[in-house]
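Number of protein chains: 2
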Amino acid sequence: MADKEISQAVIGRLPRYFRYLGDLKEKGVERISSQELSDIMKVTASQIRQDFNNFGGFGQQGYGYNVNYLYDEISKILGIDKQHSLVIIGAGHLGKAIAGYTNFTRRGFVFKGAFDCNPELYGTKIRDVEVRPVDEMEDFVRKNQIEIAVLTIPKDQAVPMAHKLAECGIKAIWNFAHVDLEVPNNIQVENVHLSDSLMKLSYNINRYENT
Amino acid sequence: MADKEISQAVIGRLPRYFRYLGDLKEKGVERISSQELSDIMKVTASQIRQDFNNFGGFGQQGYGYNVNYLYDEISKILGIDKQHSLVIIGAGHLGKAIAGYTNFTRRGFVFKGAFDCNPELYGTKIRDVEVRPVDEMEDFVRKNQIEIAVLTIPKDQAVPMAHKLAECGIKAIWNFAHVDLEVPNNIQVENVHLSDSLMKLSYNINRYENT
Numbered sequence: 001m002a003d004k005e006i007s008q009a010v011i012g013r014l015p016r017y018f019r020y021l022g023d024l025k026e027k028g029v030e031r032i033s034s035q036e037l038s039d040i041m042k043v044t045a046s047q048i049r050q051d052f053n054n055f056g057g058f059g060q061q062g063y064g065y066n067v068n069y070l071y072d073e074i075s076k077i078l079g080i081d082k083q084h085s086l087v088i089i090g091a092g093h094l095g096k097a098i099a100g101y102t103n104f105t106r107r108g109f110v111f112k113g114a115f116d117c118n119p120e121l122y123g124t125k126i127r128d129v130e131v132r133p134v135d136e137m138e139d140f141v142r143k144n145q146i147e148i149a150v151l152t153i154p155k156d157q158a159v160p161m162a163h164k165l166a167e168c169g170i171k172a173i174w175n176f177a178h179v180d181l182e183v184p185n186n187i188q189v190e191n192v193h194l195s196d197s198l199m200k201l202s203y204n205i206n207r208y209e210n211t
Numbered sequence: 001m002a003d004k005e006i007s008q009a010v011i012g013r014l015p016r017y018f019r020y021l022g023d024l025k026e027k028g029v030e031r032i033s034s035q036e037l038s039d040i041m042k043v044t045a046s047q048i049r050q051d052f053n054n055f056g057g058f059g060q061q062g063y064g065y066n067v068n069y070l071y072d073e074i075s076k077i078l079g080i081d082k083q084h085s086l087v088i089i090g091a092g093h094l095g096k097a098i099a100g101y102t103n104f105t106r107r108g109f110v111f112k113g114a115f116d117c118n119p120e121l122y123g124t125k126i127r128d129v130e131v132r133p134v135d136e137m138e139d140f141v142r143k144n145q146i147e148i149a150v151l152t153i154p155k156d157q158a159v160p161m162a163h164k165l166a167e168c169g170i171k172a173i174w175n176f177a178h179v180d181l182e183v184p185n186n187i188q189v190e191n192v193h194l195s196d197s198l199m200k201l202s203y204n205i206n207r208y209e210n211t
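In order, the protein sequences belong to chains A and B.
With the UniProt record's numbering, letter number 179 in the first sequence gets 179, and the count goes up by one each step, no holes.
With the UniProt record's numbering, letter number 210 in the second sequence gets 210, and the count goes up by one each step, no holes.
Hints may contain errors.
As the list claims (entries may be wrong) - Which bits of chain B does chain A cover? Going by a derived footprint, with three or more residues having C-beta under 8 angstroms, they are:
no., region
1, 9-18
2, 68-80
3, 91-104
4, 168-175
5, 196-208
Claimed, not checked - Below, computed lysine-lysine pairings styled on DSSO-like, alpha-carbon distance capped at 27 angstroms:
no., chain 1, residue 1, chain 2, residue 2
6, A, Lys155, B, Lys171
7, B, Lys200, A, Lys27
8, A, Lys155, B, Lys200
Please keep in mind that the hints were generated in silico from the structure rather than gathered at the bench.
The beta carbon of each residue, even a glycine, is placed where N, CA and C say it ideally should be.
Required output: the full structure, derived from the provided sequences and hints.
Now the structure itself:
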């Protein structure tokens, strides 16, 4: 497959292309040149051509890109043409916010289960999904062949939880806990460290004031 | 100032150093060699030395780094030795989750106001802060000289909101809306595009299965 050769830097840019192409699709745009896309996305046309050349080009000289085709191809490369089941561990505000994103459902991420260690939450519902005791997580993940676990729990709980998830065959962890997880290589981890992001913002405020 | 020369790549790594140094500090560790830090953080000792050399080194040959000193210096570089006031626009689950992070308060980010356009939320409280109508945002930001606005609203509302924020003198926007904002250069923007992150995870699941 062509995507095996693609660098993580290019991959990191694909969701943004996908987002803009989705907007164009919604507006009924059928074709777009790399220059037009460059103007909207504020990246150079040459960067766009280079990125798209990684998976065969997608376009014809002087003709532009077919928006629908490009959208579909990128969705295949990103693996969002298939469904991915997920559970959320930690049914607090962050867990609820994530479960509520309609975008995720649209992109094939199917919210199947929610777990918490707070008995007051057991039986309450997040988008028709019942919150269950966290002790039931392992059975649930195994039985339902869950692919992705979203960790929205404190960092001291996240480390042992990641080990349990590894044991019951999870494929990927989307980690919001403020800690780096150690898991076997066959488990994909994507971290969202919100504090890190806020600190970068603080750095940039500081830098701007001192220039 | 030394930090003017530091590349964004190094800056991007600073919050992680800061996090690990904070953990070491909590454990009472006073000194650490670049090799020990390398073992914990899973980056090369040479990378650590290079990164720290950007701001004067911080260490003595064969002696290691003073954990407290390094922690304080990085906190100054990141601008989190000062207080930064923030408001949250969008008092849904995500806004509430962000307001609830005690870590942010500890790092000098002071939560001053919350705004929403849903009348049912007016007067309800998020951590002692009353949710106000979004129409009152501009006055509030001006009067209280708010530095950071956190946008946890849908993307179609985020674009006009960013323009309003620019007009009332905000310094930075922490943007959770699934859209790239266009603001003047004097406003710092840090995006947290959750869908992009989830798509990268999906790509990596796919890639792993196909290798």
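Do the hints match the structure? See the list:
Requiring three or more residues with a Cβ within less than 8 angstroms of a Cβ of chain A, the coverage given for the region 9-18 of chain B holds, as 6 such residues are present. Residue count for the region 68-80 of chain B with a Cβ under 8 angstroms from a Cβ of chain A: 4. That meets the three needed, and the coverage hint holds. Taking a C-beta to C-beta cut-off of 8 angstroms, the region 91-104 of chain B contributes 10 residues in contact with chain A, enough for the three needed, and the coverage statement holds. Interface restraint, the region 168-175 of chain B with chain A: holds (3 residues with C-beta to C-beta distance below 8 angstroms; minimum three).
Counting residues of the region 196-208 of chain B whose CB lies closer than 8 angstroms to any CB of chain A gives 13, so the stated coverage by that chain holds, three being the minimum. As the CA atoms of Lys155/A and Lys171/B are separated by approximately 30 angstroms, the hinted pair breaks the 27 angstroms bound. Using a Cα cut-off of 27 angstroms, the hinted pair Lys200/B and Lys27/A holds, with the two alpha carbons roughly 25 angstroms apart. Restraint check for Lys155/A and Lys200/B: the C-alpha separation of about 22 angstroms stays at or below 27 angstroms, so the hint holds.
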